[in-house]
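K.L.:
Here's the letter readout for the chains.
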Amino acid sequence: MAIITYRDALNQALREEMQRDARVFLMGEEVGVYQGAYKVSKGLLQEFGEMRVVDTPITELGFAGVGVGAAMVGLRPIIEFMTWNFALLALDQVVNAAAKLLYMSGGQFNIPMVFRGPNGAALQLGAQHSQAWESWLAHIPGLKVVAPGTPYDAKGLLKAAIRDDNPVCVLEGEMLYNNKGEVPDGEYIVPLGVADLKRKGEHATIVTWGKQVLVAMAAADQMAKDGITIDVVDLRSIRPLDERAIIDSVKKTNRCIVLEEGWYFAGVGAQITDLVQRECFDDLDSPVLRVTQADAPMPYAKGLEKAAKADLPKTIAAVRRALYLD
Amino acid sequence: MAKRTSPAKSPPKPAASAPAPDAERTLHLSLLRSMLLQRRFEERCAEAYAIGRIGGFCHLYIGQEAVSTGTLSHLRPDDYMITTYRDHGQALARGLTPRSVMAELFGRVDGCAGGKGGSMHMFDKATGFLGGHGIVGGHLPIATGVGFAIKYRGGDQVICCFFGEAAVNNGAFHESLNMAALWKLPVIFIIENNRYGMGTSVERASAINDIYQRAGSYDMHRGVVDGQDVLAVRAAIDEAVTRARTEQSPTLLEMRTYRFMGHSMSDAVSGTYRSKAELDEYLKRDPIALLRAHMEERGTLTAQVMQELDTELKAIVQDAWDFAEASPEPPLEALMEHVYVDTTSDTISTAGGWS
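From first to last, the protein sequence lines are chains S and D. Numbering (our numbering) for the first sequence: 1 to 326. Numbering (our numbering) for the second sequence: 327 to 681.
Honestly, the hints are just simulated from the structure, not real lab data. Cβ atoms here follow ideal geometry from the backbone N, Cα and C, with glycine treated the same way. Treat the hints with caution; some may be incorrect.
Derived list of chain D stretches under chain S, where covered just means 3 residues or more per stretch with a C-beta under 8 Å from a C-beta of chain S [to be verified]:
hint: 1; region: 437-447
hint: 2; region: 451-462
hint: 3; region: 619-626
hint: 4; region: 659-665
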């Protein structure tokens, strides 16, 4: 087991899959000569050349569509968005093309491609650079959506995404790239649609994914000091959703808190709440609670930004409320 | 230096190697046949729409057949094409069977997309028909990606990408032309300038009227073509295809054409945004009548042959109608099929693939 960063874990996944399959290529802004805006693609241009590590103009709609076209005729593109915020310009290709071509063509054209890049807020980047898009993307039949929270999951999920024959959106975290964690030396895959119970507990379940896994783990650590133990269900994949993992945990703890980075209204947490009330109605000892970003664009000012985010104090407060401790 | 392909206007220049008389007659007859099939087919589509056999949006191609036939008759079977929602004629010109196109229009299981696509979304993998696409401009980046894949694999195929003149005002057009020129991709962008984006004329939508000149911004080869003259279309496509195959360079061709029907079935043929007088003027340049006159002038077509051809094609279209009507509707299980595939690169394909 090596201890490596989330960034290097993604880099290993890209390198290994490009070595394995000549149809796989990486395309996006600054992925080549610049070595990646966040250095995720470091060294790949040197190893694979400019036909397989392709720097693009700033033309998100255009190069997302180039990926779709290449996938239609048998290549396996990885399209990097410098951030998912910029992918809004490309959503016609993601939603109207990548997600629907298999269906509209009656099964003739599957689109084996990956859209990836950092998602969600970093620090004081303001409203246009601080957005979490998973509920938008997961809303679309035809797309798969994953959000790894650890280096191990980042590598394993990205490899699975590249090998999948459907379009997969990989939501990384700008604040996660420097985080370190254990990654096995040999080949492994984290299958899409399989959650991971990151922490075992008895008193409440926190369902979360991506960067918020770290917040949930911190909450579990802190509350354990008071004798409160928490199941942390890391979904890893938002679509397909591992419903069984959520249901099993909530049936055990009888309390559910959904922690997500994005906005409250029509967030992924609303979907999970729907599942839990349907499948665990008789098991619940308290209402399902949701911890989300404030329902406002992300402000710049430090204090306001902190107040907007779904952070540790809010998560602990929600767990305590679910346990009727406050 | 500005790149301009020589405008191939009517009458067309003789091709570098002019076909022998018999070969010429065979070629012209096949072009006539292709255009007339589209015409007769779509006349029946209008009828089918009126009685509810075809639903949703339905955009007819009548009047523009020289563009599809002139272009697609020149492609190899392993080339690709992609187009807009006005796609029935192009599907037929590319070689999809009238049966599979009509069944798709009727929403039946034997349609070229199993009844899931409909009028706007014809697909056929076997002939490299990469779809009818419903968002104006949305398929231009996809075409560019197919061009990228051809270059990636080191092939000499081309992709022809059809779109209306209204799409040139859309960002996807500019992003695609820029990348295709920057990376030298074998993409032939074909503007079907039928003068109206729905009801808005090109003069009311574009700051320049010679819209093929927009390729100048991307240092791309370009030309303007009489889109009613199937031979002129072929000559222009010949040049562009050669350039794409040998130099992997893209081309933008503006085919000036006209739709004889409304934008869609709900749109009057004339009277709101275009006059009856204008329509009548363009009807004089019916692409089928032009080729027919050209052949008669050269003594390669008689009224009897024309009549026989027409009778045969009407029977083929009737057969397509009967076939579509007899084809079952998709079973309800089809609703949730093809949302995802459950395969990975490990299960359906061999790793590696190209050296």
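K.L.:
State for each hint whether it applies.
P.N.:
Tested hints:
Interface restraint, the region 437-447 of chain D with chain S: holds (8 residues with C-beta to C-beta distance below 8 Å; minimum three). Counting residues of the region 451-462 of chain D whose C-beta sits closer than 8 Å to any C-beta of chain S gives 6, which meets the bar of three, so the coverage hint holds. Proximity of the region 619-626 of chain D to chain S, defined as three or more residues with a beta carbon under 8 Å from a beta carbon of that chain, is not established by the 0 residues found. A count of 3 residues in the region 659-665 of chain D with a Cβ less than 8 Å from any Cβ of chain S is obtained; the coverage claim is therefore met, three being the minimum.
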